[in-house]
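Protein sequences appear in the order of chains L and C.
For the first sequence, our numbering gives the first residue as 72, with consecutive numbering after it.
For the second sequence, our numbering gives the first residue as 173, with consecutive numbering after it.
No lab work stands behind these hints, which were simulated from the structure alone.
There could be a bad hint or two in this list.
Said to hold, decoys possible - Lysine-lysine pairs mimicking DSS-like chemistry, simulated, CA-CA at most 25 Å apart:
1. L/Lys76 x C/Lys334
2. L/Lys184 x C/Lys337
3. L/Lys158 x C/Lys337
4. C/Lys209 x C/Lys334
5. C/Lys312 x C/Lys334
6. C/Lys334 x L/Lys173
7. L/Lys82 x L/Lys158
Claimed, not checked - Listing some non-contacts, in silico: residues in chain L with all C-beta distances to chain C over 12 Å:
8. Ala120
9. Pro160
10. Gln162
11. Phe169
12. Asp171
13. Arg174
14. Asp176
15. Glu177
16. Glu180
17. Tyr182
18. Glu187
19. Leu188
20. Gly191
21. Ile192
To be verified - Here are the computed distance ranges between Cβ atoms for each label pair:
22. C/Arg322 x L/Tyr150: 22 to 28 Å
23. C/Asp206 x L/Leu159: 48 to 54 Å
24. C/Glu353 x L/Asp80: 16 to 22 Å
25. L/Gln162 x C/Pro203: 38 to 44 Å
26. C/Lys312 x L/Asp80: 18 to 24 Å
27. C/Glu323 x L/Glu129: 22 to 28 Å
Built from N, CA and C at the ideal position, the CB exists for glycine as well.
Here is how the chains run, residue by residue.
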Amino acid sequence: MGKLKSLADLKKIQEEARSKLDLRVKGDNPESLVQIKVAMATCGIASGAKEVMNFLVEELDKRGIGAIVTQTGCMGYCYAEPTIEVKLPGQEPLVYGFVDRKRADEIIEKYIKNGELVDGIIPVNYEKIDQ
Amino acid sequence: MKELALHILDITQNSVRAKATFIEINILESPVTDILKITISDNGCGMSKDVLKNVTDPFYTTRTTRHVGLGLPLFKMNAIQSGGSLDITSEPGRGTTVEASFSYSNIDRPPMGDIGGTIALIISGNPEIDFRFSYQVESKRWSVDTTELREALGETPVTDLKVVKYLKEMITENINELNEENLIDDKY
Chain L
72 MGKLKSLADL KKIQEEARSK LDLRVKGDNP ESLVQIKVAM ATCGIASGAK
122 EVMNFLVEEL DKRGIGAIVT QTGCMGYCYA EPTIEVKLPG QEPLVYGFVD
172 RKRADEIIEK YIKNGELVDG IIPVNYEKID Q
Chain C
173 MKELALHILD ITQNSVRAKA TFIEINILES PVTDILKITI SDNGCGMSKD
223 VLKNVTDPFY TTRTTRHVGL GLPLFKMNAI QSGGSLDITS EPGRGTTVEA
273 SFSYSNIDRP PMGDIGGTIA LIISGNPEID FRFSYQVESK RWSVDTTELR
323 EALGETPVTD LKVVKYLKEM ITENINELNE ENLIDDKY
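Just need the whole structure built from these sequences, with the hints factored in.
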């Protein structure tokens, strides 16, 4: 049986990641990265937000896009879960609803790579009826 | 939730919202004594007795974005359905501990699911919080914490996509190894 992965081996990965990161951002400047927040409250998780977050992490890495994927709570759009907020460098964040693998793929290919808008945007001025 | 891992992801989010700076997740699997126990404890803001009484009521939530809170009620339901229970202890200002136990062999007990991926996402998704995760199968235990993780990482952030993938694989492999060791012990 092969050797188990451990924190010691992580050092290697770290060096690899570091050198790639340097080329891309030169130091710590999260502003120059794509920032994605996945809504992960009960509603999001139950509708598959973890799948989507996993997919985003894997695909963004595979496609060589510098991004930070983090979690956030419920944004109140439970009906549209899983929802994600995408912030391209220097732009206003956009919230996408009903994000499955297919739509996540579309968001990466069209919105993140080319800045084209994709179906499923939840407008910022949307308010619930009772508010 | 279809998997226990998803419950863990969900309940941990409560600790994050309670402004915890340290969260500990412990899982104990013991087929011999027929127990599976999940403990999540944090050093967040805690809850008063009144709030504590209400937390497993689905129509109680501290949120203002919606009127229901199903995280703990669903977790409790799953625990009770599979011959277990859910206990919450909390003290304002000190933190909260949620402990769910399941009958290991119960047919209604949801599978653990993708625990490696879940823990990796919890750690990378909340980079400003410290975590300790430990997994025990019978008497064999494996653990990882973010202090040692940060040491190994140097200046690379835990949010780095390669690191997240590596973490997932590392946790999954080590847990599988625990289970295998346990099977070998069983034979002799």
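Hey, does L/Asp171 actually stay past 12 Å from chain C on C-beta?
-> holds, 16 Å
Reported absence of L/Glu177 from the contact zone with chain C (all CB gaps over 12 Å) | Given a closest Cβ separation of 19 Å, the condition holds.
Can we confirm that no CB of chain C comes within 12 Å of the CB of L/Glu180?
-> The claim holds: L/Glu180 sits with its nearest Cβ about 17 Å from chain C, beyond 12 Å.
CB-CB spacing for L/Asp80 and C/Glu353 relative to the 16 to 22 Å hint | Distance hint for C/Glu353, L/Asp80 holds at roughly 20 Å.
Verdict on L/Pro160 as a residue remote from chain C, using beta-carbon distances over 12 Å = holds, 16 Å
Restraint status (C-alpha distance of L/Lys76 to C/Lys334 at most 25 Å) | holds, 14 Å
Compute the least Cβ-Cβ separation between L/Gln162 and chain C, then decide whether it is above 12 Å.
-> holds, 20 Å
Given as non-interface: L/Tyr182, which should sit over 12 Å from chain C by C-beta = holds, 18 Å
Under the criterion that the straight-line Cα-Cα distance not exceed 25 Å, is the pair C/Lys209, C/Lys334 satisfied?
-> violated, 31 Å
Verify the proposed pairing of C/Lys312 with C/Lys334, using a straight-line Cα cut of 25 Å.
-> violated, 29 Å
Checking the smallest CB distance to chain C, is L/Gly191 really beyond 12 Å?
-> holds, 20 Å
Falls inside 22 to 28 Å, the C-beta gap from C/Glu323 to L/Glu129?
-> holds, 26 Å
In this structure, the earlier hints numbered 4, 5, 7, 8, 22 and 25 are contradicted, and the remaining ones agree with it.
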